[in-house]
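**Student:** Residues per chain are reported as follows:
Number of protein chains: 2
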Amino acid sequence: MRVAGLISGTSVDGIDVAVVDIDDDIKVVATKTVPYRPEVRASILSVSNTTTHTATVARLNFLLGELFAEALQKTGVPLETIELIGSHGQTIFHEGQAVDFLGRKIASTMQIGEAAVIAQRTGIETIADFRTSDMAAGGNGAPLVPFLDYQLFKHPERARIALNIGGIANVTVIPANARPENVVAFDTGPGSMVMDALAPPFDRDGEGARGGRVDEALLATLLDDSYYVQPPPKSCGREQYGVEFIRKTGIDLRTAMELTVRTIASSIAQYPETADVIVSGGGAHNRYMMERLRVELRPRITTSTEFGIDVDAKEAILFAVLAYQTYHRRAGNIPSATGARKPAILGKVSQA
Amino acid sequence: MRVAGLISGTSVDGIDVAVVDIDDDIKVVATKTVPYRPEVRASILSVSNTTTHTATVARLNFLLGELFAEALQKTGVPLETIELIGSHGQTIFHEGQAVDFLGRKIASTMQIGEAAVIAQRTGIETIADFRTSDMAAGGNGAPLVPFLDYQLFKHPERARIALNIGGIANVTVIPANARPENVVAFDTGPGSMVMDALAPPFDRDGEGARGGRVDEALLATLLDDSYYVQPPPKSCGREQYGVEFIRKTGIDLRTAMELTVRTIASSIAQYPETADVIVSGGGAHNRYMMERLRVELRPRITTSTEFGIDVDAKEAILFAVLAYQTYHRRAGNIPSATGARKPAILGKVSQA
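Residue numbers (the numbering used here), protein chains in the order written: chain A, 1 to 352; chain B, 1001 to 1352.
With the rest of the complex left out, here is chain A (with noise of 0.2 Å):
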């Protein structure tokens, strides 16, 4: 079955796509990232986690699911060879921990890039939404990556951990010989968001930072942070290292990187069996973060290029490999991952 998965990141740069043939295995046909005009990406920056106007965010969600449906088309493959769809839109708001609301307890996502538009579009069946049902059955709505770390990476021998470095960093702990509620995943911390902020777009290979000097006793008071130790399953958004955080500690690139370079050190660190460290994301090109973590690590580094998955169309293939589980009506969250009560078949289907 041919799937396509989109996703737009909480870096904001574009729009990922994938196309996969899913079979007994994952075979990637065909990858795409379409950035956003700037005028698009300060519109969404502008209804994310903050004051805006309810019609700015109707119409911004049409508007990506016009964008959302260019972009599969810009990859070239046939889209009457397509079935399915996958799309995760774009997160505008992430709270998978509850908070009290009008005297009820709630946690709570949202997602923009309206499926129906994508749908219609494209002719093709599409899937969106999918961190709603996990967090209606009590998870976080992420990471949703495990399933597809565990899928490609699960060894009988081989202690393993996918890590994604993006907006966030995250993790995915597959012990040797795993059954899906054995795998242990969770956000680390900062991936690039941070940097990326104080170095627009991005500082992709990290020369912005070498030159820097790390501020040690910042580091250290915001490595006292509570997140750090809280056991997983634990996610955290775009809110805890936004602006805010930039204008409060007054962080500088290269403390920037180190944060998110120890954070992961640390949480690594926890699963001494780890064999292999695979890193997928847009952290991968940063050849000088690359170099600190093989100097942090204990475990082999490689990235997800190993395995055939290109390490900037990771997240657009899961969104497919969701899609598809969806599709068959099965299960795409893993409980351990998520912490959800159950396995719950995730996202909205739209008809074309």
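None of these hints come from the bench; they were simulated from the model.
A hint or two may mislead.
[What the hints assert, rightly or not] Think about it this way: if two alpha-carbon atoms lie no more than 35 Å apart in a straight line, the pair counts; the simulated DSBU-like pairs of lysine-lysine are:
id, chain 1, residue 1, chain 2, residue 2
1, B, LYS1032, A, LYS342
2, A, LYS32, B, LYS1342
3, A, LYS342, A, LYS32
4, B, LYS1234, B, LYS1154
5, B, LYS1342, B, LYS1154
6, A, LYS105, B, LYS1032
7, A, LYS74, B, LYS1105
8, B, LYS1074, A, LYS342
9, A, LYS342, A, LYS234
Use these hints to put chain B onto chain A, whose structure you have.
**Tutor:** Leaving out everything else, chain B in the frame of chain A:
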């Protein structure tokens, strides 16, 4: 098949629930209205077509999901007998006509009341977001009620008009022996909303208006609005007959009722072949207005109760019926009513 329909209307009073058995015909099993607590109503109004924090929209979406699920349980119908739920949710923004947005023409709509929560709490497959596919297909996303009106009221020999008097009044014109594409539907003008604002919460049976005298000069001025002669499809919004309208015109209760009666009457007079006018909506409780309509209208006047449809439950029943259509992969919009280019399968399916 037993299906539940859920909606919270633009008046934001509470959640209307209907449980129906659908076969060749539609049999109403239970109806219920569950009012909102004042702070929930205030929160909904605080995010509707106004400036708000994304967090409030996201949290309210999940909270309303809980409340919708609880409202269904308050009907007392055993959940295990219900196979499917159709939930309209609560509209917080609707713009059926496209506007310029970041260089594109974008029409949009936004309903909240998380379907994944409804599905998880009830254990029942839930379909929601009924307006988006129609809009993606070029329609206004409204009105959707003509689909139900057509199913309920079509007649081989009698031309009929379904008249719904809510805040706004609208008609569905169903010629004798009509096919779906022969159906015309539009808003006639104000329903009860001007009266409600003048005699809050409402002049339910019209006794407040009965003693008054029509200000004929003012009425003549008001009827001289180009909207009333504009050809369908057309729709009017809350803003057209809001507080500003009352302030500018100085209209009184009796004249407000007469504006509703005359605009309904002149709309219906354009279809002289009409045999029956079938009234539903809160306005059907207004005895004096019904008397006035009987004087002004030539066709026989009845209410949806004659067809087994509680005048207050029609919209909730609609979303049960639309869910049933989607479940069977059949279209639910009527393009001649919404302006869509084609029939569309409406809604998004969440598995329990």
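**Student:** Take the hints in turn and mark each one as holding or not.
**Tutor:** Going through the hints against the structure:
1. B:LYS1032 x A:LYS342: holds, 31 Å
2. A:LYS32 x B:LYS1342: Answer holds: LYS32 of chain A to LYS1342 of chain B is near 31 Å, not above 35 Å.
3. A:LYS342 x A:LYS32: holds, 34 Å
4. B:LYS1234 x B:LYS1154: Distance of about 22 Å is within 35 Å: holds.
5. B:LYS1342 x B:LYS1154: holds, 21 Å
6. A:LYS105 x B:LYS1032: holds, 26 Å
7. A:LYS74 x B:LYS1105: holds, 21 Å
8. B:LYS1074 x A:LYS342: holds, 26 Å
9. A:LYS342 x A:LYS234: With a Cα-Cα distance of about 17 Å, the restraint between LYS342 of chain A and LYS234 of chain A holds, given a limit of 35 Å.
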